[in-house]
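Residues in the sequence shown are numbered from 4 upward in steps of one, following the working numbering.
Everything labelled a hint here was simulated from the structure, so no lab data went into it.
What you are looking at is a predicted structure, and each value in this text was computed from that prediction instead of being measured.
Don't take each hint at face value.
[Said to hold, decoys possible] FRET-style restraints, in silico, Cβ to Cβ:
#1 A106 to D65: 17 to 27 Å
#2 T154 to K216: 21 to 31 Å
#3 V98 to R285: 21 to 31 Å
#4 E89 to Q194: 18 to 28 Å
#5 E166 to D65: 17 to 27 Å
#6 G15 to G109: 35 to 45 Å
#7 K7 to R245: 49 to 59 Å
[Stated by the list, open to error] As a list, the in silico EDC-like pairs of lysine to aspartate or glutamate whose alpha-carbon atoms are at most 20 Å apart:
#8 K87 to E25
#9 K87 to E24
#10 K78 to E111
#11 K216 to E183
#12 K288 to D26
#13 K254 to D242
#14 K259 to D242
Beta carbons are placed, not taken as given, at the ideal position from N, Cα and C, and that holds for glycine.
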Amino acid sequence: MSVKPLFEPIIGRYMKIRIMEEDCRVYFEEAGQGIPLVCLHTAGADSRQFRHLMCDEAVTKDFRVIAFDLPWHGKSYPPAGWEKREYRLTTELYVATIRAFCAALGLERPVAMGCSIGGRIILHLAHAHGSEFRALIGLESADFQQPWYDTSWLHRSNVHGGEVCAALISGLIAPQSPDEHRHETLWQYMQGGPGVFRGDLFFYRVDADLRGKLDGIDTAACPLYLLTGEYDFSCQPEDTLRTARTIPGVKVTIMKEVGHFPMSENPAQFRKYLNPILEDIRQMKG
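Produce the entire structure from the sequences given, and follow the hints as far as they go.
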(Lines of atoms letter the chains of each structure in order from A and count residues from 1; the text may use other names and numbers.)
(Lines give C-alpha, C1' and ligand atoms only; values in the text may rest on other atoms or scores of the structure.)
Protein backbone atom coordinates (compact mmCIF):
# COMPACT_ATOMS: atom_id res chain seq x y z
CA MET A 1 0.00 0.00 0.00
CA SER A 2 1.45 3.33 -1.04
CA VAL A 3 1.59 6.14 1.49
CA LYS A 4 0.94 9.67 0.33
CA PRO A 5 4.02 11.84 1.00
CA LEU A 6 3.72 14.75 3.37
CA PHE A 7 5.15 17.86 1.74
CA GLU A 8 6.38 20.70 3.91
CA PRO A 9 5.64 24.28 2.78
CA ILE A 10 9.33 25.21 2.59
CA ILE A 11 10.76 26.17 -0.81
CA GLY A 12 14.52 26.35 -1.37
CA ARG A 13 16.37 28.29 -4.06
CA TYR A 14 19.83 29.50 -5.04
CA MET A 15 20.67 33.10 -5.83
CA LYS A 16 23.86 34.66 -7.12
CA ILE A 17 24.64 37.95 -5.41
CA ARG A 18 27.67 40.20 -5.13
CA ILE A 19 29.08 40.69 -1.63
CA MET A 20 32.06 42.99 -1.10
CA GLU A 21 33.31 42.59 -4.68
CA GLU A 22 32.87 38.82 -4.70
CA ASP A 23 30.24 36.78 -6.52
CA CYS A 24 28.51 34.40 -4.11
CA ARG A 25 26.03 31.60 -4.72
CA VAL A 26 23.69 31.77 -1.74
CA TYR A 27 21.09 29.20 -0.79
CA PHE A 28 17.92 30.24 1.01
CA GLU A 29 14.59 28.75 2.04
CA GLU A 30 11.27 30.43 2.61
CA ALA A 31 7.67 29.78 3.52
CA GLY A 32 4.61 31.93 4.05
CA GLN A 33 3.49 35.34 2.90
CA GLY A 34 3.24 38.85 4.21
CA ILE A 35 5.82 40.72 6.28
CA PRO A 36 9.36 39.53 5.44
CA LEU A 37 11.10 37.87 8.41
CA VAL A 38 14.79 37.24 7.64
CA CYS A 39 16.37 34.67 9.95
CA LEU A 40 20.10 34.50 10.72
CA HIS A 41 21.59 31.20 11.88
CA THR A 42 24.18 30.59 14.58
CA ALA A 43 27.95 30.17 14.15
CA GLY A 44 28.99 27.10 12.18
CA ALA A 45 25.39 26.09 11.39
CA ASP A 46 22.91 26.92 8.64
CA SER A 47 19.32 27.86 7.85
CA ARG A 48 17.92 24.44 8.82
CA GLN A 49 17.76 25.79 12.37
CA PHE A 50 14.61 27.70 11.36
CA ARG A 51 12.74 24.89 9.61
CA HIS A 52 10.23 24.50 12.46
CA LEU A 53 9.40 28.19 12.27
CA MET A 54 8.82 27.91 8.51
CA CYS A 55 6.39 25.05 9.12
CA ASP A 56 4.40 26.97 11.73
CA GLU A 57 1.16 28.11 10.09
CA ALA A 58 0.47 30.54 12.91
CA VAL A 59 3.58 32.40 11.77
CA THR A 60 3.55 31.91 8.00
CA LYS A 61 -0.02 33.12 7.51
CA ASP A 62 1.23 36.67 8.09
CA PHE A 63 5.01 36.43 7.68
CA ARG A 64 7.20 35.47 4.76
CA VAL A 65 9.86 33.60 6.72
CA ILE A 66 13.21 33.58 4.90
CA ALA A 67 16.38 31.88 6.14
CA PHE A 68 19.64 31.82 4.21
CA ASP A 69 22.96 30.04 4.56
CA LEU A 70 25.85 32.44 4.90
CA PRO A 71 28.56 31.84 2.27
CA TRP A 72 30.76 28.92 3.46
CA HIS A 73 27.78 27.46 5.36
CA GLY A 74 25.22 24.77 4.56
CA LYS A 75 24.42 24.75 0.85
CA SER A 76 26.07 28.10 0.14
CA TYR A 77 29.50 27.48 -1.35
CA PRO A 78 32.50 29.65 -0.44
CA PRO A 79 33.49 32.22 -3.09
CA ALA A 80 35.88 31.03 -5.81
CA GLY A 81 39.44 30.79 -4.56
CA TRP A 82 38.42 29.86 -1.03
CA GLU A 83 41.14 27.22 -0.85
CA LYS A 84 43.81 29.94 -0.87
CA ARG A 85 42.69 31.70 2.30
CA GLU A 86 41.40 31.27 5.81
CA TYR A 87 37.73 32.02 6.41
CA ARG A 88 37.08 34.83 8.86
CA LEU A 89 33.72 36.47 9.44
CA THR A 90 34.09 40.17 10.20
CA THR A 91 31.46 42.70 11.19
CA GLU A 92 31.86 44.45 7.84
CA LEU A 93 31.41 41.22 5.86
CA TYR A 94 28.47 40.08 7.97
CA VAL A 95 26.57 43.36 7.57
CA ALA A 96 27.35 43.52 3.84
CA THR A 97 26.03 39.97 3.38
CA ILE A 98 22.74 40.65 5.15
CA ARG A 99 22.14 43.92 3.31
CA ALA A 100 23.06 42.42 -0.07
CA PHE A 101 20.70 39.51 0.50
CA CYS A 102 17.78 41.74 1.50
CA ALA A 103 18.43 44.07 -1.45
CA ALA A 104 18.64 41.20 -3.93
CA LEU A 105 15.19 39.96 -2.86
CA GLY A 106 13.81 43.49 -2.90
CA LEU A 107 12.73 43.31 0.74
CA GLU A 108 11.38 46.62 1.98
CA ARG A 109 12.00 47.13 5.69
CA PRO A 110 11.95 43.46 6.68
CA VAL A 111 12.05 42.13 10.20
CA ALA A 112 15.39 40.45 10.98
CA MET A 113 15.89 37.83 13.67
CA GLY A 114 19.28 36.31 14.50
CA CYS A 115 20.60 33.89 17.09
CA SER A 116 24.02 33.85 18.80
CA ILE A 117 26.35 35.51 16.27
CA GLY A 118 23.10 36.46 14.55
CA GLY A 119 21.92 37.99 17.82
CA ARG A 120 25.13 40.00 18.09
CA ILE A 121 24.82 41.37 14.55
CA ILE A 122 21.20 42.30 15.29
CA LEU A 123 22.52 44.78 17.85
CA HIS A 124 24.89 46.25 15.27
CA LEU A 125 22.07 46.53 12.72
CA ALA A 126 19.92 48.31 15.31
CA HIS A 127 22.71 50.80 15.92
CA ALA A 128 23.93 51.40 12.36
CA HIS A 129 21.06 50.44 10.04
CA GLY A 130 17.88 50.50 12.09
CA SER A 131 16.00 52.57 9.52
CA GLU A 132 16.23 49.67 7.05
CA PHE A 133 14.19 47.33 9.27
CA ARG A 134 10.64 47.18 10.57
CA ALA A 135 11.80 45.47 13.77
CA LEU A 136 14.79 43.48 15.03
CA ILE A 137 14.81 40.38 17.22
CA GLY A 138 18.00 39.20 18.93
CA LEU A 139 18.08 35.64 20.26
CA GLU A 140 20.85 34.89 22.76
CA SER A 141 22.02 38.42 22.11
CA ALA A 142 24.44 40.61 24.07
CA ASP A 143 27.10 43.23 23.40
CA PHE A 144 29.85 40.87 24.57
CA GLN A 145 30.39 37.44 26.12
CA GLN A 146 33.56 36.26 27.77
CA PRO A 147 34.90 33.39 25.61
CA TRP A 148 34.62 30.02 27.35
CA TYR A 149 35.82 27.76 24.50
CA ASP A 150 39.17 26.78 23.03
CA THR A 151 39.19 27.11 19.23
CA SER A 152 42.62 25.51 18.87
CA TRP A 153 40.85 22.16 18.64
CA LEU A 154 39.14 23.19 15.43
CA HIS A 155 40.36 22.63 11.87
CA ARG A 156 43.09 20.12 12.74
CA SER A 157 43.92 17.08 10.64
CA ASN A 158 43.89 14.75 13.64
CA VAL A 159 40.53 15.92 15.01
CA HIS A 160 37.03 15.57 13.56
CA GLY A 161 36.03 19.22 13.63
CA GLY A 162 32.31 18.59 13.28
CA GLU A 163 32.17 16.25 16.23
CA VAL A 164 34.20 18.68 18.34
CA CYS A 165 31.82 21.51 17.42
CA ALA A 166 28.82 19.40 18.40
CA ALA A 167 30.47 18.39 21.67
CA LEU A 168 31.33 22.01 22.38
CA ILE A 169 27.76 23.25 22.04
CA SER A 170 25.94 20.19 23.43
CA GLY A 171 25.83 21.62 26.94
CA LEU A 172 24.16 24.79 25.68
CA ILE A 173 20.91 22.91 25.02
CA ALA A 174 18.40 22.98 27.88
CA PRO A 175 17.69 19.67 29.63
CA GLN A 176 13.98 20.03 28.88
CA SER A 177 14.55 20.12 25.10
CA PRO A 178 13.13 17.02 23.36
CA ASP A 179 15.77 14.46 22.35
CA GLU A 180 14.68 14.59 18.71
CA HIS A 181 15.35 18.31 18.46
CA ARG A 182 18.49 18.12 20.61
CA HIS A 183 20.15 15.63 18.28
CA GLU A 184 18.91 17.46 15.18
CA THR A 185 20.62 20.60 16.45
CA LEU A 186 23.85 18.69 17.13
CA TRP A 187 23.74 17.06 13.67
CA GLN A 188 23.71 20.47 12.01
CA TYR A 189 26.94 21.31 13.81
CA MET A 190 28.59 18.04 12.88
CA GLN A 191 28.22 18.94 9.19
CA GLY A 192 30.00 22.30 9.13
CA GLY A 193 32.86 22.90 6.70
CA PRO A 194 36.49 22.85 7.87
CA GLY A 195 37.40 26.04 9.73
CA VAL A 196 33.94 27.60 9.38
CA PHE A 197 32.91 27.47 13.04
CA ARG A 198 36.28 28.91 14.06
CA GLY A 199 35.97 31.61 11.38
CA ASP A 200 32.56 32.63 12.71
CA LEU A 201 33.92 32.80 16.24
CA PHE A 202 36.47 35.37 15.04
CA PHE A 203 33.51 37.72 14.64
CA TYR A 204 32.05 36.69 17.99
CA ARG A 205 35.12 36.91 20.20
CA VAL A 206 37.47 39.31 18.38
CA ASP A 207 35.76 41.65 15.92
CA ALA A 208 32.40 42.46 17.51
CA ASP A 209 32.87 43.72 21.04
CA LEU A 210 29.99 46.20 21.22
CA ARG A 211 30.41 47.31 24.83
CA GLY A 212 29.97 51.07 25.00
CA LYS A 213 29.15 51.28 21.29
CA LEU A 214 25.35 51.05 21.23
CA ASP A 215 24.40 54.63 22.05
CA GLY A 216 21.74 56.12 19.85
CA ILE A 217 19.63 53.06 19.06
CA ASP A 218 16.15 54.37 18.26
CA THR A 219 13.72 51.69 19.42
CA ALA A 220 10.77 53.96 18.63
CA ALA A 221 11.67 53.91 14.93
CA CYS A 222 12.79 50.27 14.90
CA PRO A 223 11.59 48.17 17.86
CA LEU A 224 14.23 45.87 19.33
CA TYR A 225 13.43 42.63 21.15
CA LEU A 226 15.95 40.47 23.02
CA LEU A 227 15.14 36.88 24.00
CA THR A 228 17.63 34.71 25.88
CA GLY A 229 17.28 31.18 27.26
CA GLU A 230 17.72 30.63 30.98
CA TYR A 231 20.05 27.66 30.32
CA ASP A 232 22.41 29.54 28.01
CA PHE A 233 25.85 29.74 29.65
CA SER A 234 27.44 31.22 26.51
CA CYS A 235 25.22 34.29 26.26
CA GLN A 236 24.01 34.24 29.84
CA PRO A 237 20.79 36.00 30.82
CA GLU A 238 22.92 38.45 32.81
CA ASP A 239 24.77 39.38 29.59
CA THR A 240 21.52 40.19 27.81
CA LEU A 241 20.09 42.09 30.77
CA ARG A 242 23.30 44.12 31.08
CA THR A 243 23.10 44.99 27.39
CA ALA A 244 19.42 45.90 27.64
CA ARG A 245 20.12 48.42 30.38
CA THR A 246 22.13 50.48 27.86
CA ILE A 247 19.32 50.61 25.25
CA PRO A 248 16.26 52.72 26.13
CA GLY A 249 13.02 51.14 24.99
CA VAL A 250 14.34 47.65 24.31
CA LYS A 251 12.05 44.77 25.28
CA VAL A 252 13.86 41.86 26.91
CA THR A 253 12.64 38.43 28.01
CA ILE A 254 14.44 35.50 29.64
CA MET A 255 12.94 32.30 28.25
CA LYS A 256 12.23 29.40 30.59
CA GLU A 257 13.34 25.83 29.73
CA VAL A 258 15.39 27.02 26.74
CA GLY A 259 19.12 27.10 26.01
CA HIS A 260 21.22 28.70 23.27
CA PHE A 261 19.25 27.39 20.26
CA PRO A 262 15.57 28.11 21.00
CA MET A 263 14.25 27.82 17.44
CA SER A 264 15.76 24.37 16.86
CA GLU A 265 16.16 22.75 20.30
CA ASN A 266 12.61 23.37 21.53
CA PRO A 267 10.45 25.04 18.87
CA ALA A 268 7.20 24.54 20.81
CA GLN A 269 8.56 26.35 23.86
CA PHE A 270 10.14 29.07 21.71
CA ARG A 271 6.88 29.89 19.93
CA LYS A 272 5.33 30.82 23.30
CA TYR A 273 7.78 33.71 23.49
CA LEU A 274 8.07 34.59 19.81
CA ASN A 275 4.40 34.71 18.85
CA PRO A 276 3.49 37.69 21.10
CA ILE A 277 6.37 39.62 19.54
CA LEU A 278 5.19 38.78 16.04
CA GLU A 279 1.71 39.90 17.04
CA ASP A 280 3.17 43.25 18.14
CA ILE A 281 4.86 43.56 14.76
CA ARG A 282 1.66 42.65 12.93
CA GLN A 283 -0.04 45.61 14.62
CA MET A 284 2.64 48.11 13.64
CA LYS A 285 1.94 50.67 10.97
CA GLY A 286 4.28 50.78 7.98
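Status of the hints after comparison with the structure:
In this structure, A106 and D65 meet the distance hint of 17 to 27 Å, their C-beta atoms being roughly 23 Å apart. Between T154 and K216, the C-beta spacing of about 24 Å keeps the proposed range 21 to 31 Å intact. Take V98 and R285: their Cβ atoms lie about 27 Å apart, and the range 21 to 31 Å holds. E89 and Q194 have their C-beta atoms about 20 Å apart, which keeps the hinted 18 to 28 Å range intact.
The hinted range of 17 to 27 Å is not satisfied by E166 and D65, whose Cβ atoms lie roughly 40 Å apart. The hinted range of 35 to 45 Å is not satisfied by G15 and G109, whose Cβ atoms lie roughly 19 Å apart. Checked against the hint of 49 to 59 Å, the pair K7 and R245 passes, with Cβ atoms roughly 52 Å apart. Of the pairs offered as hints, the one joining K87 and E25 holds, with about 15 Å between alpha carbons and a cut-off of 20 Å not exceeded.
Restraint check: the Cα-Cα separation between K87 and E24 comes to about 17 Å, which is no more than 20 Å; the hinted pair holds. Under the criterion of a C-alpha separation no larger than 20 Å, the hint pairing K78 with E111 is inconsistent with the structure, at around 25 Å. Taking the CA atoms of K216 and E183, the gap is about 40 Å. The hint is violated against a cut of 20 Å. Restraint check: the Cα-Cα separation between K288 and D26 comes to about 36 Å, which exceeds 20 Å; the hinted pair is violated.
Restraint check for K254 and D242: the C-alpha separation of about 14 Å stays at or below 20 Å, so the hint holds. At most 20 Å may separate the alpha-carbon atoms for a hinted pair to count; K259 and D242 meet this at roughly 16 Å.
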